[in-house]
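J.: Listed below are the residues making up each chain.
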Amino acid sequence: MHNVMTIAARQFRSYFNTPVAYIVMFLVLLVLGFLFFFWPPGFFLADRASVSQMFFFFGILMGLAAPALTMGLIAEERGSGTIELLLTMPVRESEVIIGKYLGALGLFSVMVALTLPIPIGVSTLGDLDWGPVIGGYVGLFLQGAAMLSLGIMVSSWTKDQLVAFFISFFLLVIVLWAAPLALGWAASGSMATFMQSISIQERLASMTRGVIDTRDVIYFLSLTALGLLVAFRALESRRWS
Amino acid sequence: MSELMIEARGLGKRYGNAVALKNASFELRRGEILGFLGPNGAGKSTTMKILTCFIAPTTGTATVNGCDIWEDPLGVREAIGYLPESTPLYREMLVHEYLQWVATMRGLKGDTANKRILKVVEQVGLEQVIAKGISELSKGYRQRVGLAQALLHEPPILILDEPLSGLDPNQAVEIRALIKEIGKERTIMLSTHNLAEVQVTCQRVLIVDRGRIVADDTPEALARSGGGPRYRVSVLTGRKLEARGGFRDAANGGPSAEEAFRKIRGVEGVHRLSKKNGEVQLEITTHVEDDLRPEIFRAAVETGLVLVGLEAKKQNLEQVFQHLTASAGGVSSGDEDLDEDLEDDEDLEDGSDDEEDDEDLEDGSDDEEDTSDDDEEGASDDDEEDASDDEEKK
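Chains A and B, in that order, give the protein sequences. Numbers 12 to 252, taken from our numbering, label the letters of the first sequence in order. Numbers 614 to 1007, taken from our numbering, label the letters of the second sequence in order.
If you're looking for bench data, these hints aren't it; they were derived computationally from the structure. On a predicted model such as this, the values are computed, not experimentally measured, just so you know. Certain hints may be false.
[What the hints assert, rightly or not] Computed Cβ-Cβ distance ranges for the label pairs, DEER-style:
| no. | chain 1 | residue 1 | chain 2 | residue 2 | range |
| --- | --- | --- | --- | --- | --- |
| 1 | B | Q741 | A | F48 | 48 to 54 Å |
| 2 | B | D724 | A | S248 | 37 to 43 Å |
| 3 | B | V632 | A | A190 | 34 to 40 Å |
Every residue, glycine too, gets a C-beta built ideally from N, C-alpha and C.
One chain only, chain A, in its complex shape (with noise of 0.2 Å):
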């Protein structure tokens, strides 16, 4: 656990020393703002308390957000020899993957607390439901850290950042949000129903609702364990090749 928490510090301070965590931060929270209040028909004609269509803008964005800021958690390791460091010290594959990913979660954990005064804001102009912000918030942070695990995953399979940034950019919004999304639609019947049951949109829709699932909490916690389970297997594998 020491380990952990003393990897996870590097990896969260190192977004600060490079300029990416600023970059995604700053351009995460201007485009969520615009887009909560300017997305027709837009905050102000809609006219209601609600922030639910903060979560699903956060969401989406999260599709940009995660690949880059998981992209180097190993890619960058292996691609500058860091990792043989970092591997021969007296810690587990296993740690060294929790830590890193531990790092990119409290980074995004400041970036979700960032939009805070959103929903605050909101309160002081009319009445706010918590309810639904709490449930919101809930799934956007479960829905988060299942994107940034599958993004460790893809970043333990590659020495090259940028690839590792596309591929997971193709797995979190090709596979998970719009092919779901596009055959939910088209398809029906129990094509449908499955890819429903796979779209990460369909998730959060709910839990912003105010509804917390089981199924949804499940749906998201297994995407995490297995997106770690594999990064830790590759490098463990590592190893061996």
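Given the coordinates of chain A, assemble chain B onto it according to the supplied hints.
T.: Just chain B now, kept in the frame of chain A:
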């Protein structure tokens, strides 16, 4: 016998179809400094990566500080300070920040951590750059940071992959002294290309070539294993020899120089290194330690050879290294001379065939008859030059 720190038994590693290491077994005891030598790609780094549990061997096993690399990799890693080949560091961190992090990773806390950091900073000479970013550092300083992180937890075993690469000569002297100092109570395995360094720093040498260990001994014993001293002899040939009053057939036909020298007791072999400007350079290998220069001189006189150069060369580690790893690209200086010689010959052939090359043709036409009995064209070339030399003198 002091304590056994590293014991490798039958280590082998394959990357796909490529064999990087084959059946490597060796031992290292406390207080030993082992120099790991070999051409690039011979398996040095692979062995080190296996011993630090960064990669797993395909065959065999090793024990490091009593921990098996399969059973207890964390125990192995705790006992080792490792400097990988290219000194990979987190470039975005500051030097002290990085050392602090390494200390924490190594389980050092508070005062102990700070004391150790101060100690290694002083040991490797990082005081000047402690507050700088690692990315701003020169290669030499980065190398020192790499050494510092390996020394920080005062491990009983140090594995250093090319620790002196990128250091300027003054820095190298400092770091070499540091390694020797540390090596007094600890075990060090270091790889290098620099043979002089091994002779100065290491008590033992392990030479690997194409994945196999080809030698394991002290530098002195290895240097001796190359046989007795070698002699470089230069004798005159052809026209130059005649001009100096020697017997022409001494070098060409008749009892050749090679044969004459081969008869000396203690001589193992005679190789012709080069033939230039009417001089033949020969290398005489021996298997006795005695000085054979008087005998060589006498043999030359008796055969009617004109000796213009005689140099004794003690066998050193470099030659042994080149010999052991020769087919993998280690080229001895003798071979280079031979190559040059061959090139000269080719040039001449081209010249005499080629009508456009006026110089060679004109010069050659006068001498062609005189030198036709010469076996080698290289010799005729020499004679031409000699002839023109003589004309100039007249």
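J.: None of the hints should be skipped; say for each whether it holds.
T.: Comparing the hints with the structure gives:
At roughly 52 Å, the beta carbons of Q741/B and F48/A sit within the given window of 48 to 54 Å. As the Cβ distance of D724/B to S248/A is approximately 40 Å, the hint placing it in 37 to 43 Å holds. For V632/B paired with A190/A, a C-beta distance near 45 Å fails the hint of 34 to 40 Å.
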